[in-house]
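Trainee: Residue strings, one per chain:
Number of protein chains: 2
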Amino acid sequence: MKREKGQLIVLSGPSGVGKSTVIAELLSQRNHIYFSVSYTTRQPRVGEQNGVNYNFVDRTEFERMISAGELLEYAEYVDNYYGTSLKAIQEQLDAGVDVLLDIEVQGAAKVRSRCPGALFIFIIPPSFEELSRRLHRRNTDSEDVIAGRLEKARGEFREIPNYDYLVINDKVSGAVAEIEAILTAAECRVENRKSILTQFA
Amino acid sequence: MKREKGQLIVLSGPSGVGKSTVIAELLSQRNHIYFSVSYTTRQPRVGEQNGVNYNFVDRTEFERMISAGELLEYAEYVDNYYGTSLKAIQEQLDAGVDVLLDIEVQGAAKVRSRCPGALFIFIIPPSFEELSRRLHRRNTDSEDVIAGRLEKARGEFREIPNYDYLVINDKVSGAVAEIEAILTAAECRVENRKSILTQFA
Chain G
11 MKREKGQLIV LSGPSGVGKS TVIAELLSQR NHIYFSVSYT TRQPRVGEQN
61 GVNYNFVDRT EFERMISAGE LLEYAEYVDN YYGTSLKAIQ EQLDAGVDVL
111 LDIEVQGAAK VRSRCPGALF IFIIPPSFEE LSRRLHRRNT DSEDVIAGRL
161 EKARGEFREI PNYDYLVIND KVSGAVAEIE AILTAAECRV ENRKSILTQF
211 A
Chain X
11 MKREKGQLIV LSGPSGVGKS TVIAELLSQR NHIYFSVSYT TRQPRVGEQN
61 GVNYNFVDRT EFERMISAGE LLEYAEYVDN YYGTSLKAIQ EQLDAGVDVL
111 LDIEVQGAAK VRSRCPGALF IFIIPPSFEE LSRRLHRRNT DSEDVIAGRL
161 EKARGEFREI PNYDYLVIND KVSGAVAEIE AILTAAECRV ENRKSILTQF
211 A
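Top line first, the protein sequences correspond to chains G and X. Here the first sequence is numbered in the numbering used here, starting from 11 and rising by one per residue. Here the second sequence is numbered in the numbering used here, starting from 11 and rising by one per residue.
These are computed hints drawn from the structure, not numbers from a lab. Just so you know, these numbers come straight off a predicted model, no measurement behind them. Mixed in with the good hints there might be a few duds.
Identical copies look the same in the list; a pair holds intra-copy or inter-copy alike.
What the hints assert, rightly or not - Here are the simulated DSS-like pairs of lysine-lysine, each with C-alpha atoms no more than 27 angstroms apart in a straight line:
#: 1; residue 1: K162; residue 2: K15
#: 2; residue 1: K181; residue 2: K204
#: 3; residue 1: K181; residue 2: K15
#: 4; residue 1: K204; residue 2: K29
#: 5; residue 1: K120; residue 2: K181
#: 6; residue 1: K181; residue 2: K97
#: 7; residue 1: K181; residue 2: K162
#: 8; residue 1: K97; residue 2: K162
#: 9; residue 1: K162; residue 2: K204
#: 10; residue 1: K15; residue 2: K120
#: 11; residue 1: K120; residue 2: K29
#: 12; residue 1: K204; residue 2: K15
Please work from the sequences and hints to get the whole structure.
Mentor: Here it is, written out as structure tokens:
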């Protein structure tokens, strides 16, 4: 059954928790869901594709988007901007498509104040030790960088009480099934099925 | 994963919507869920079993339960009492088992005021005409009784805005899948997974 309007879903979680794998699996399994690609001014890394990993723009364009109010949220890290375009999201939601945002806790806080009806999901690893193991297994970062990511994760975990749902990424299939249940339950909310009710009035 | 506490679920819906079939299917598919059998003072109908369809008690015993505060909610219809025992429910919830109540909108309103954390699910047919067809197909009621049930259904539909979720029983398997998603999503709520968070603090 078709919903009147799509659901905005904010997904956060520490670096190394396996968010991208979970998102890729979710997108492959579910219809009517759109992943919002962020905008950034940083340089593409090897293998990153414009429009897939990020929309890569220059500072002038990013600052134009800020001034024009085109961003739902944005932040600056290490001299680079990262942000979410409002326009693409709005079009999808209006068309009844769910929109998934993968953003950090600060960006999520901004979305929460602007879109109180959004769903906020935080993904955690089964344990802190497992997060450390996963970061080591990626084999892309030095010990210092890993230590920094773990420290950052501790700060992010403190934001969990501001989220609606907590999903544990022990196995990817389990985490995806839980997110699917959360999205299906959201579709069943009375306020999302008001149009059905008119015929019973 | 084990939750700290079970979830109380209130299911309402008009006579003829197919609630009992949905509930039977849900109970057969899902673990850690307990169906709370109501207490009544009315006489068992042919085929009804004590402890399965209802717990059949006499008026003296029912009134003792009322005085002793043993009922979560109760109502009197056509000179018979119907009610939900608090004790059995509490034991299951404390053991981490979900408890399903099949009660009418008035009983649901009482549970809502006493248990604001409960999930309230209303089951509707795909259309009003289909409800009428299903009541005729049961072939158990006279035209007058069916007309009365349909009239009562209209009143019940007006209570839907007080429920959290609206499930359409078009196919039983679809309705069961939606209720399963609602229950799984409830398990994922941050407030139901607080114990997991302690290790990340």
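Trainee: If a hint holds in the structure, say so; if it doesn't, say that too.
Mentor: The hints, checked one at a time:
1. In this homomeric assembly, K162 and K15 never come within 27 angstroms of each other (Cα to Cα): the closest approach is 35 angstroms inside a single copy and 31 angstroms across copies.
2. Proximity of K181 and K204 under a CA criterion of 27 angstroms is satisfied inter-copy only: 20 angstroms between copies versus 36 angstroms inside one chain copy.
3. Taking identical chains as interchangeable, the C-alpha atoms of K181 and K15 lie at most 27 angstroms apart only when they sit on different chains, with a minimum of 23 angstroms there against 31 angstroms within one chain.
4. For the homomeric pair K204 and K29, the shortest alpha-carbon distance between copies (21 angstroms) is at most 27 angstroms, but the shortest distance inside one copy (33 angstroms) is not.
5. In this assembly of identical chains, the alpha carbons of K120 and K181 never lie at most 27 angstroms apart, being 30 angstroms within a copy and 40 angstroms across copies at closest.
6. Taking the closest pair of Cα atoms, K181 and K97 never come within 27 angstroms of each other, the shortest separation being 34 angstroms inside a single copy and 37 angstroms across copies.
7. Taking CA atoms no more than 27 angstroms apart as the test, K181 paired with K162 passes inside one copy only; the shortest distance there is 23 angstroms, against 47 angstroms between copies.
8. With identical chains, the CA atoms of K97 and K162 are never at most 27 angstroms apart, being 31 angstroms at best within one copy and 46 angstroms at best between copies.
9. Proximity of K162 to K204 under the C-alpha cut-off of 27 angstroms is restricted to the inter-copy arrangement: shortest distance 21 angstroms between copies versus 42 angstroms within a copy.
10. In this assembly of identical chains, K15 and K120 lie within 27 angstroms of each other by CA distance solely inside one copy; the values are 21 angstroms within and 32 angstroms between copies.
11. In the homo-oligomer, the alpha carbons of K120 and K29 lie at most 27 angstroms apart inside one protomer (20 angstroms), although the nearest pairing across protomers, at 42 angstroms, exceeds that limit.
12. Taking the closest pair of Cα atoms, K204 and K15 come within 27 angstroms of each other only inside a single copy of the chain (11 angstroms); across copies the shortest separation is 31 angstroms, beyond that limit.
Checked against the numbered hints listed earlier, the structure breaks hints 1, 5, 6 and 8; every other hint is satisfied.
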